[in-house]
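Engineer: Chain by chain, the residues run as shown.
Protein chains: 2
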Amino acid sequence: MSESAKTLTSSAEFDSTAYIDAIGEAARTSAAAMARASTSEKNAALIGIARKIENSREAILSANAEDVANAAGLDKAFVDRLLLDEKRISAMAEGLRIIAELADPIGETTELCYRPTGIQIGKMRVPLGVVGVIYESRPNVTADAAALCLKAGNSAILRGGSEALLSNAAIAKCIRAGLDEAGLPQAAVQVLDTIDRSAVGALLRAHEWVDVIVPRGGKSLIRRVMDEAKMPVIKHLDGVCHVFIEEHADLKKAFDVAVNSKTQRYGTCNTMETLLVADPISAAVLPSLIHAYCEAGVELRGCPATCAIDSRVNPAAEEDWFEEYLAPILAIRIVDDLDDAIDHIRRYGSQHTDSIVTEDLGAGRRFLSEVDSSSVMLNASTRFADGFEYGLGAEIGISTDKFHARGPVGLTGLTSQKWIVIGDGHVRT
Amino acid sequence: MSESAKTLTSSAEFDSTAYIDAIGEAARTSAAAMARASTSEKNAALIGIARKIENSREAILSANAEDVANAAGLDKAFVDRLLLDEKRISAMAEGLRIIAELADPIGETTELCYRPTGIQIGKMRVPLGVVGVIYESRPNVTADAAALCLKAGNSAILRGGSEALLSNAAIAKCIRAGLDEAGLPQAAVQVLDTIDRSAVGALLRAHEWVDVIVPRGGKSLIRRVMDEAKMPVIKHLDGVCHVFIEEHADLKKAFDVAVNSKTQRYGTCNTMETLLVADPISAAVLPSLIHAYCEAGVELRGCPATCAIDSRVNPAAEEDWFEEYLAPILAIRIVDDLDDAIDHIRRYGSQHTDSIVTEDLGAGRRFLSEVDSSSVMLNASTRFADGFEYGLGAEIGISTDKFHARGPVGLTGLTSQKWIVIGDGHVRT
Numbered sequence: 002m003s004e005s006a007k008t009l010t011s012s013a014e015f016d017s018t019a020y021i022d023a024i025g026e027a028a029r030t031s032a033a034a035m036a037r038a039s040t041s042e043k044n045a046a047l048i049g050i051a052r053k054i055e056n057s058r059e060a061i062l063s064a065n066a067e068d069v070a071n072a073a074g075l076d077k078a079f080v081d082r083l084l085l086d087e088k089r090i091s092a093m094a095e096g097l098r099i100i101a102e103l104a105d106p107i108g109e110t111t112e113l114c115y116r117p118t119g120i121q122i123g124k125m126r127v128p129l130g131v132v133g134v135i136y137e138s139r140p141n142v143t144a145d146a147a148a149l150c151l152k153a154g155n156s157a158i159l160r161g162g163s164e165a166l167l168s169n170a171a172i173a174k175c176i177r178a179g180l181d182e183a184g185l186p187q188a189a190v191q192v193l194d195t196i197d198r199s200a201v202g203a204l205l206r207a208h209e210w211v212d213v214i215v216p217r218g219g220k221s222l223i224r225r226v227m228d229e230a231k232m233p234v235i236k237h238l239d240g241v242c243h244v245f246i247e248e249h250a251d252l253k254k255a256f257d258v259a260v261n262s263k264t265q266r267y268g269t270c271n272t273m274e275t276l277l278v279a280d281p282i283s284a285a286v287l288p289s290l291i292h293a294y295c296e297a298g299v300e301l302r303g304c305p306a307t308c309a310i311d312s313r314v315n316p317a318a319e320e321d322w323f324e325e326y327l328a329p330i331l332a333i334r335i336v337d338d339l340d341d342a343i344d345h346i347r348r349y350g351s352q353h354t355d356s357i358v359t360e361d362l363g364a365g366r367r368f369l370s371e372v373d374s375s376s377v378m379l380n381a382s383t384r385f386a387d388g389f390e391y392g393l394g395a396e397i398g399i400s401t402d403k404f405h406a407r408g409p410v411g412l413t414g415l416t417s418q419k420w421i422v423i424g425d426g427h428v429r430t
Numbered sequence: 002m003s004e005s006a007k008t009l010t011s012s013a014e015f016d017s018t019a020y021i022d023a024i025g026e027a028a029r030t031s032a033a034a035m036a037r038a039s040t041s042e043k044n045a046a047l048i049g050i051a052r053k054i055e056n057s058r059e060a061i062l063s064a065n066a067e068d069v070a071n072a073a074g075l076d077k078a079f080v081d082r083l084l085l086d087e088k089r090i091s092a093m094a095e096g097l098r099i100i101a102e103l104a105d106p107i108g109e110t111t112e113l114c115y116r117p118t119g120i121q122i123g124k125m126r127v128p129l130g131v132v133g134v135i136y137e138s139r140p141n142v143t144a145d146a147a148a149l150c151l152k153a154g155n156s157a158i159l160r161g162g163s164e165a166l167l168s169n170a171a172i173a174k175c176i177r178a179g180l181d182e183a184g185l186p187q188a189a190v191q192v193l194d195t196i197d198r199s200a201v202g203a204l205l206r207a208h209e210w211v212d213v214i215v216p217r218g219g220k221s222l223i224r225r226v227m228d229e230a231k232m233p234v235i236k237h238l239d240g241v242c243h244v245f246i247e248e249h250a251d252l253k254k255a256f257d258v259a260v261n262s263k264t265q266r267y268g269t270c271n272t273m274e275t276l277l278v279a280d281p282i283s284a285a286v287l288p289s290l291i292h293a294y295c296e297a298g299v300e301l302r303g304c305p306a307t308c309a310i311d312s313r314v315n316p317a318a319e320e321d322w323f324e325e326y327l328a329p330i331l332a333i334r335i336v337d338d339l340d341d342a343i344d345h346i347r348r349y350g351s352q353h354t355d356s357i358v359t360e361d362l363g364a365g366r367r368f369l370s371e372v373d374s375s376s377v378m379l380n381a382s383t384r385f386a387d388g389f390e391y392g393l394g395a396e397i398g399i400s401t402d403k404f405h406a407r408g409p410v411g412l413t414g415l416t417s418q419k420w421i422v423i424g425d426g427h428v429r430t
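Taken in sequence, the protein lines are chains A and L.
Quick note: to get the working numbering, add 1 to the position in the first sequence (first position is 1).
Quick note: to get the working numbering, add 1 to the position in the second sequence (first position is 1).
Source of the hints: derived by calculation from the structure; they are not laboratory data.
Errors might be hidden in some of the hints.
As the list makes no split between identical chains, a pair holds if one copy fits it or if it spans any two.
Claimed, not checked - Pairs of lysine-lysine, DSBU-like flavour, derived with a Cα cap of 30 Å:
hint, residue 1, residue 2
1, Lys231, Lys88
2, Lys231, Lys220
3, Lys174, Lys88
4, Lys77, Lys220
5, Lys124, Lys254
6, Lys77, Lys174
7, Lys77, Lys231
8, Lys88, Lys254
9, Lys124, Lys253
10, Lys77, Lys88
11, Lys88, Lys220
In this text, all values refer to a predicted model and were calculated from it rather than measured experimentally.
Please work from the sequences and hints to get the whole structure.
Structural biologist: Below, the structure is given as structure tokens:
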């Protein structure tokens, strides 16, 4: 990308298409080099970037301080996400080293077998090409997303929130230096350096340069990307997660899983938003659970039968069953049985993460098969639905789609598989 | 779908959106039932449909005769694809039985392993949901596509060429009867019964009902689907396949693979369209190859160095390297070496199927890794790139995309994987 195509400011004459074309072309060219890069080159780059970030603490913190000063007056939670400190910078570097230690997915050949014709066929894992990531104010995503794309042999185009522009530019400088030292093209990771919003539109139209877009952020961002993107999107919209306490649940496990799924953290997409309880076990399990939630300060909204158990439960409206509270609020519904629970999840759920608590093998087997969510669980907290917990090392996002990648998306989700055929002069007859 | 929403004719007042909405809603409802269907129910339906088709030979042939009569005056090759006879009907039934015998992909659980927290995580294969297939005049695709969608636990909406309307309706009747007898919803396979072209547009917009679209046909159909579809598309555009005879190739294997890749069949997408030969081996391999191609009636278009070898080779123009001839025409180019060949394929290829002939392990290893095509081969004919040859049993199409499915797409390409988590009351700390 030529310096002239770049701009740190927005202007009326800004040509977003030309800007993205220059970036896209450089990304496409570097993607070919990245696909050929050896595991040791990629790891050297990751470790080099980690070192650069640690050695550039002052520059990054000073850029971040400027971003934070410019964000004065914005929402407190927003500013907290934007803020970097020594600890967060160390965590960024550590995240890069963790990804360096992950097995290289590229070139992995599986299912190689002989066919009756004598040819061997198998599948080899390859990069997707150019990955675009659009995110909001957290500057650490710049390092995380770059590292995942790079390790999976892709070229990345990153677009962070405009409020984090200077922080991201400081991190981008470390990424370029690390790539360069490892002998990899600096354009393998490009961070958009304009606050002009039209650049996002141009990026979403650039299907000749960008193979997949990953939006990370609030629903309005995701919806915009879904509406405008001319390439495939890896995204998740809602996390309306359920725990269903089945009739044959162990009371202790039910209590532990239901409490943990709600209260371990409120603002995460894998937090339970609705608790379903089978009618026959509700009298045994709900009083102690309601008490625990109230002690934890969770507001409860229940079906009439739940409200009848404890006066601290307020009546739930129809909208509550659809709601992703992301807050200390929980909807509770007593259902007849497993079928009723599966129907409720099908109707109101968001296909993110749903868990059953039961000791009945048949009920567990049916729930695991029939509930069509990206993660389906048996006797485990919904809070486990996470790339780190699943052993992916890191995740670029969580997908609630079924096409290509589903659930937490790690390195593998940023790759594809090609067929390889090995013969010895074999021909088709 | 209500009968009133159906029409066998086109009319000015035809409401394509309402038509597709009725079909889509029925497809969505039946998809849930199909996802739960047991392997034996699905196989019973497939075998039942095969039997119905055999028992309805007369009705199918008579409907087909009417379609063929209506198509009088159309292109001969077109009418041949439209035509059904006893043999083709038997082949359709046999295809259904082959798919019944394939392993059921749904519910397959893989990679189940323990995490340090004590939970087990794994992946379970699940249907995609509703699959739309848009194809041209071959009526046998109706049975093939229905069978693959059905076995993979999906609901299907099929739109065949309008010239095959009556043939497809006769086959659809057998499919509905087979589904019904097996206790599965008849709406699990719906064949559009209107020739109104606006129905295709409505289908391509119906992302709330259709999870993936598979177009099968000529480039204009594929381009229309790519432009208009509001859901993911599994498609392939071009098959500009290459064979590269590397410097260290065995002459006999090179001859066999190069001849077979071109002459075994001319009109298929996995037929070689350009032959690349390393300069040092060109004098040893090209004269006999050129002779063989000329004997087979293949028109040759070569680079200057190739033309200099044999006067029967005409000069190739730049466009020839991009061309998918689908005909007895072959472009031949002498390249310097492996790098030159890989560059040529990257520049002119269509990422479909490319093969290297060599005895050099290093060259083979590099070609397999670095050529970014859906099938990459070593010492084997490009004609092997096919779902049956790869052991998929059947294919719904070949994908030259990298997202989700690549290369021949069989049952697995019509599925997704969800995560399953099994604990014993495990919570996240």
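Engineer: The structure should be examined with respect to each hint, and the outcome stated for every one.
Structural biologist: Status of each hint after checking the structure:
no.: 1; hint: Lys231 <-> Lys88; verdict: neither (38 Å within a copy, 44 Å between copies)
no.: 2; hint: Lys231 <-> Lys220; verdict: both (19 Å within a copy, 19 Å between copies)
no.: 3; hint: Lys174 <-> Lys88; verdict: within (20 Å within a copy, 67 Å between copies)
no.: 4; hint: Lys77 <-> Lys220; verdict: within (19 Å within a copy, 54 Å between copies)
no.: 5; hint: Lys124 <-> Lys254; verdict: between (41 Å within a copy, 24 Å between copies)
no.: 6; hint: Lys77 <-> Lys174; verdict: within (28 Å within a copy, 63 Å between copies)
no.: 7; hint: Lys77 <-> Lys231; verdict: neither (35 Å within a copy, 38 Å between copies)
no.: 8; hint: Lys88 <-> Lys254; verdict: neither (36 Å within a copy, 61 Å between copies)
no.: 9; hint: Lys124 <-> Lys253; verdict: between (45 Å within a copy, 27 Å between copies)
no.: 10; hint: Lys77 <-> Lys88; verdict: within (19 Å within a copy, 73 Å between copies)
no.: 11; hint: Lys88 <-> Lys220; verdict: within (29 Å within a copy, 55 Å between copies)
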